[in-house]
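> So you can see what is in the structure, the chains are spelled out below.
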Amino acid sequence: MVADRRNFAPLRVALWLPLIAFVGLCVVFFASLEFSPRNELPSPLIDRPVPSFSLPDLHSAVQRTGDDLPEGAFLLNVWATWCFPCREEHPVLMDIAAEGIAVVGLNYKDEDLKAIAWLNNIGDPYRLNLADHDGAFGVDMGVYGVPATYLIDGDHNIRYKHIGPISASQWREELGPIFETLLGANDRA
Amino acid sequence: MIPELAHFLCVLAFTCATALAIAGFLGASRFQPAWVSAAKQIAYAQFLFLLCSFVLLDISFLRDDFTVQYIADNSNSLLPWYYKASAMWGDHEGSFLLWTLVMAGWTGAVALRGKSLSYEMHGYVLGVLGLINVAFLLFLLSASNPFLRAFPLETTVGADLNAILQDYGHLVHPPFLYLGYVGFSVAFAYAAAALLTGRIDAAWARWSRPWTNTAWALLTVGIALGSWWAYYELGWGGWWFWDPVENASFMPWLAGTALIHSLAVTEKRGAFKSWTVLLALLTFTLCLVGAFLVRSGVLTSVHAFAIDPERGLFLAVIVTLVACLSLSLYAFRANRLRSRISYGGVSRELLLLANNVLLTLALAVIFLYTLYPLFYEWITGGERVSLGPPYFNRAFVPLMTMLAACLALVPIARWKRTPMELFRPSLYMLGGAFALGLLIPLIYSGALHLGVTLCVSVALWVVSTHVADFYRSRRSLTLSFVGMSVAHIGFAVTVIGVTITSGFSISQDLRLSVGDEVQVGDRTYLFEDLRIVHGPNYVAHQAQFAVGDIRLLPERRQYTTRNAVTTEAGIRPGFTNDLLVSLGEPVGDESWAVRIQEKPLIRWIWLGAFLAAVAGVLAILDVRYRRLRLRENVLASDS
Chain L
73 MVADRRNFAP
83 LRVALWLPLI
93 AFVGLCVVFF
103 ASLEFSPRNE
113 LPSPLIDRPV
123 PSFSLPDLHS
133 AVQRTGDDLP
143 EGAFLLNVWA
153 TWCFPCREEH
163 PVLMDIAAEG
173 IAVVGLNYKD
183 EDLKAIAWLN
193 NIGDPYRLNL
203 ADHDGAFGVD
213 MGVYGVPATY
223 LIDGDHNIRY
233 KHIGPISASQ
243 WREELGPIFE
253 TLLGANDRA
Chain A
-18 MIPELAHFLC
-8 VLAFTCATAL
2 AIAGFLGASR
12 FQPAWVSAAK
22 QIAYAQFLFL
32 LCSFVLLDIS
42 FLRDDFTVQY
52 IADNSNSLLP
62 WYYKASAMWG
72 DHEGSFLLWT
82 LVMAGWTGAV
92 ALRGKSLSYE
102 MHGYVLGVLG
112 LINVAFLLFL
122 LSASNPFLRA
132 FPLETTVGAD
142 LNAILQDYGH
152 LVHPPFLYLG
162 YVGFSVAFAY
172 AAAALLTGRI
182 DAAWARWSRP
192 WTNTAWALLT
202 VGIALGSWWA
212 YYELGWGGWW
222 FWDPVENASF
232 MPWLAGTALI
242 HSLAVTEKRG
252 AFKSWTVLLA
262 LLTFTLCLVG
272 AFLVRSGVLT
282 SVHAFAIDPE
292 RGLFLAVIVT
302 LVACLSLSLY
312 AFRANRLRSR
322 ISYGGVSREL
332 LLLANNVLLT
342 LALAVIFLYT
352 LYPLFYEWIT
362 GGERVSLGPP
372 YFNRAFVPLM
382 TMLAACLALV
392 PIARWKRTPM
402 ELFRPSLYML
412 GGAFALGLLI
422 PLIYSGALHL
432 GVTLCVSVAL
442 WVVSTHVADF
452 YRSRRSLTLS
462 FVGMSVAHIG
472 FAVTVIGVTI
482 TSGFSISQDL
492 RLSVGDEVQV
502 GDRTYLFEDL
512 RIVHGPNYVA
522 HQAQFAVGDI
532 RLLPERRQYT
542 TRNAVTTEAG
552 IRPGFTNDLL
562 VSLGEPVGDE
572 SWAVRIQEKP
582 LIRWIWLGAF
592 LAAVAGVLAI
602 LDVRYRRLRL
612 RENVLASDS
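These protein sequence lines map, in sequence, to chains L and A.
Take 73 as the starting number for the first sequence in the working numbering and just add one per residue.
Take -18 as the starting number for the second sequence in the working numbering and just add one per residue.
Listed next, the in silico SDA-like pairs over lysine to any residue satisfying Cα-Cα at most 20 Å (straight line): (1) L/Lys181 <-> A/Arg543; (2) L/Lys181 <-> A/Ser494; (3) L/Lys186 <-> A/Val568; (4) L/Lys181 <-> A/Glu566; (5) A/Lys249 <-> A/Leu602.
Hints are computed from structural coordinates only; laboratory data are not their basis.
Fair warning: this is a prediction, and the values are worked out from it, not measured in the lab.
Working from the sequences, and respecting the hints, build out all of it.
See the structure below:
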């Protein structure tokens, strides 16, 4: 029996290996929870410049490029008339625009006439409206749901992406303060 | 009132689980058979409570009770009734309720079928299952409660079920998957109980095998259904994506497959004991790891659930506890296990060892690749990467081809040692299979294709040796032998399907308008018509394509409530070839992006899986298990 035990002694170490490996794994699990995405979605475009584009202006059909974007920080709002939550978001955008903040619209996979009629009916918060008929620029921007809103700084870098309609409280508590810092940074620069 | 009642029943089930764990463990360790009998009754009660709870919540779904938050988030008054019923497991909370119900079901089944076990063993098994139930129910009640009311009332129609889940596949895929996943808890409990009692022998393996086989067969069906569903519902003809969620179900499957085979050696030859126990513990732990990966949001995936860090933390704690407790038990106790056998040359033991090594390697590769983004993120401090299918395929395909080659020798090999001359006929078969394998790429593409030839000829070799053996022993067939042969042939069928589909599918992305005619492969597709059709809760563009007499009707659906778009491929299924047309985005005024595909032998992938699953069930119906159960009954009553 004693001899037996000695024979099996090295085996015992091996038997501990699964446990040790799993403990290591569990450490990684707990650590990875720290990094797990909460509500904001990681976008590969964050802190990158707005992709270059040439899109018709919704109202005049003139081709617009990056040079036509507003000076300083602004909001890029992706919207469409077929998008139900966009209607919900619309009054909030009107309020934001009333504060003097530049809002650029990206009219996404929509019909120009419908979009213009919508703006005439319920108000136009946008300083500039780009018509992305086939959604190609949307792909460049990583749009996969409408509405979506990007916060863009004075150097035209994308700094934040918000998916879904902005509510008044979200603007007040989340996006507004972030936008303030973008504006502030711009003033200093 | 109904959701509150369901909630209350869930709490009752939780108290039952606690009582079950206590009665089981104490009954076994203090030698109190009466406590173990009580534990059985408690297990039945727990299942009954959870079943009622589940049914009641589902009734609330059918009644459109949108005052319940979970129902408001995942159902809609416009849904057909069967999707309302299945919307129940459309998101995290409800699907976890289904998970706990399945867990209670397995526990009840073990209570019912454990007559041949000693009360001590039975007590430990029920105790371990009880503990797992406690953990699951605690998680359900505290961090993912589906019964909570929505205050203030926000909606009167419901946010709708995720559009992709509004499909027949969602009715059947998750239940089968969970039945399989959770079923491995029984093998886990048997292994833990065996370590606690210190008795691991042929009888232990024989008790475990039917449970393991059943869970494995159900998981096989669940995975195959998921793959089939992805194929026709995601609409682009893919059938496997190496997505983290798929891997989460596939890793336990690989471990379970290894376990089935290792159990066979333990039952028949008393070998691999320590390894078998470890596999049984690991298989269920991997199921839990899978649940953690899918439900915590640490990995990004196409079908991840809503993300909540609290849940992730809770699940991480469960995984850690289960893994650490069971593996510590293993570390302390497994050194008592001895396997005393010898075998030489090519023998069944050797082949089964090779099977286990290859499956474990495949498992390790997939595990590392799946978790690689986690490690990477951890080391780099938050950067994200993902590994694509090429990584997985490069490692996985060669391993499976080697596995198939071992498989071909199985019918010939004997236990202990096999006389070499027995292998001679199989070499001729290999020659024949190779000749056929050379021919097949020529038929499909008119050119040689070595990779295809290799995979197909190995698979054909497997079929031929098994069929030959089947014919040779036709007078003395046992169900477990039939089961084994059918399962192996099923594996070969899947290999052939995967190889041919991957090698010779045709796919073309086109831009078409109504009236256009295109040639894809040998067939001409005519875009006949485009119309708008109205479903109960969606509007769809439906295209009509004509291929000879066949009409294919791909759709692009716009679900109104969530504003989600799904692509429903138009498929003409066939035993030898699927034709598939998917309708993409409109391009310009009149044209549409269209993908036209031919998928030869794709049905074989799932056919093989279903064959294997049926075989798994056949094997456990073997008269051997019933006869031995009778004999053990006698022994048990004697002692």
